[in-house]
Structure formats: C-alpha cells, structure tokens
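Construct the entire structure; sequences and hints are all you get.
Everything in the sequence shown is counted per my numbering, starting at 4 for the first residue and increasing by one.
Mixed in with the good hints, there may be bad ones.
[Claimed, not checked] Quick list of in silico lysine to aspartate or glutamate cross-link-like pairs, EDC-like style, CA-CA up to 20 Å:
{"hint": "1", "residue 1": "K153", "residue 2": "D34"}
{"hint": "2", "residue 1": "K168", "residue 2": "E119"}
{"hint": "3", "residue 1": "K248", "residue 2": "D62"}
{"hint": "4", "residue 1": "K153", "residue 2": "E88"}
{"hint": "5", "residue 1": "K248", "residue 2": "E88"}
{"hint": "6", "residue 1": "K233", "residue 2": "E88"}
Keep in mind the hints are simulated off the structure, nothing from the lab. Here the structure is a predicted model, which is why all the values come from computation and not from measurement.
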Amino acid sequence: MLIKLINPNTTSAMTELMGDTARTVAAAGTDIVLATSRSGAASIEGHYDEALSILGVIDEIARGKPADAYIIGCFGDPGLLAAREITASPVLGVAESAMHAATFVATSFSIITTLERTRIISERLVRSYGMQNHCRSVRATDVPVLELEKPNSTADAAILAECEKALIEDRAQAIVLGCVGMSNLVERLQHRLGVPVIDGVAAAVRFAEGIVGMGLRTSKVGDLAYPLPKAYAGKLAEYAPASLKLRKNDEPSALATAIGS
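In structure tokens form, the structure reads like this:
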C-alpha cells in the first residue's frame, strides 16, 4: 500500500518530522512517500497562507506519482475537498482524522494549537466537522509554527502548560495536537498527562490503511465528482481540469488490493 503524505508548506524539515511519525505507526507493507510543496509559504498560519498552499497540494496529487491514499499534512486541512474531487483514492486531512480518533477514546477533547489566529481557524473546523459536542476548547500557545523546530525553544513547555490547563479548566479527557510540528511530543505528553494525546498524522495513516484495506474509494457522485471541464484564465490556466492528470482510472496497488481481499 502506498500512502503519499503531503506537506502543504515548503519547510522540508517539517515534512521529515511528519514522515518519522507516519512510518512509526504504519503497518508492515505500507510505504510512506513524502512530498513537500514546491510553492507556497514556509509555514501555514492564516487564511492567506492556507489558500495559496492548496495549489501545491493539487500539484502533488494531480501531477505526482499516484498513491493508494493521500494525507494532507497541515492541521487546517487545506484543499481537502478540492483534493477529493481530483482523485478516487481516499484523501485524509490530519485535523479531521485527529478529531474523529479522539471521539473513539474519549467523550471530550481539547485542541492545543499554535497562534491565536490558528485557534480561530481550528474552531471553524470543529464546527465544519460537527465536533462541537466533543471539543471542549481550542487553546493557543502563541508559539509560531517554525518555533517548534528550534532546539532551544520554549515551545514544549508552553504546549504542556496549555494541555494541563485543558485537563483542569476544560475537563477534557483527551488532547488533540493542533499542529503537525507537535507530532514528536505525543509520547512525552501522554506519559506526563495520563490521558490520550492524538496526533493527526498518526491517526490519518492508520485510517488511510483501514479505508484502503476495506476497498473504499472517494465517491464520484455529487459534489466530489471530478471537476467540470471549463477554461481557466491567467496564471491558473494550467489548473484547468483538462490540463490536470485527474486520477480517474487510478487503481489500488496490487498490495492494497491483496490486503483488502
């Protein structure tokens, strides 16, 4: 089974961090292929960053090597529905995956994210995914995404502090990490807090394996049907549906088929 993990930002170190997490949880026989966006921002911390990152995601799916499943490695799940339109292979977002995973092991959770502005974006996702009855709060640490990579950063302490507040003040029963740059903290936080700590990359990998193993494909009836043929103008002309390599005939790999049979 081949899963492509796409980092929508251009920071390759974050891609490698996600890759380490993905490969740690992946089943034997699952091949994780990493892709770092070739266009966009170094980190995604707002609506503008997110909007421009979607083209990089589309490029990796429509023009790259086909995969049995794709994972969008950013907690904002940028371009998730657009990506599902252009391929029949399952496409998973890490935020959606993490929130669903949390509901399997707890009746409530809090999300710990980076900046205040991303807290607001995460709250919108909570509503979009129908998680209002499960999510107690979204808490910002005021730590920029790229700060998570610095060796002498105080980010870990800030994240732990918000997690502890979530357990006491929110009465949360689980913690969802609201940035893929936090994925290497799961084990330490879980040991310290004594509650489930969910990273979206790990959750998305395991869900992807299950969905592909069940032989499920993205529905092409309704709004996730392939994009309608039409002309695109200006700088986006190359993204006209006729110009994209839509994965209309992509088939699961032989390994994925064997697992599902």
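Okay, the hints, checked on the actual structure:
For the given pair, K153 sits about 29 Å from D34 by alpha-carbon distance, which is inconsistent with the 20 Å threshold. With a C-alpha separation of about 16 Å, the suggested pair K168 and E119 falls inside the 20 Å cut-off, and the hint holds. Between K248 and D62 the alpha-carbon distance is near 9 Å, which keeps this suggested pair within the 20 Å criterion. For a cut-off of 20 Å, the pair hint linking K153 to E88 is broken: about 37 Å separates their Cα positions.
For the hint linking K248 to E88, the alpha-carbon distance of about 12 Å falls within 20 Å, and the restraint holds. With a CA separation close to 15 Å, the supplied pair K233 and E88 stays within the 20 Å bound.
Checked against the numbered hints listed earlier, the structure breaks hints 1, 4; every other hint is satisfied.
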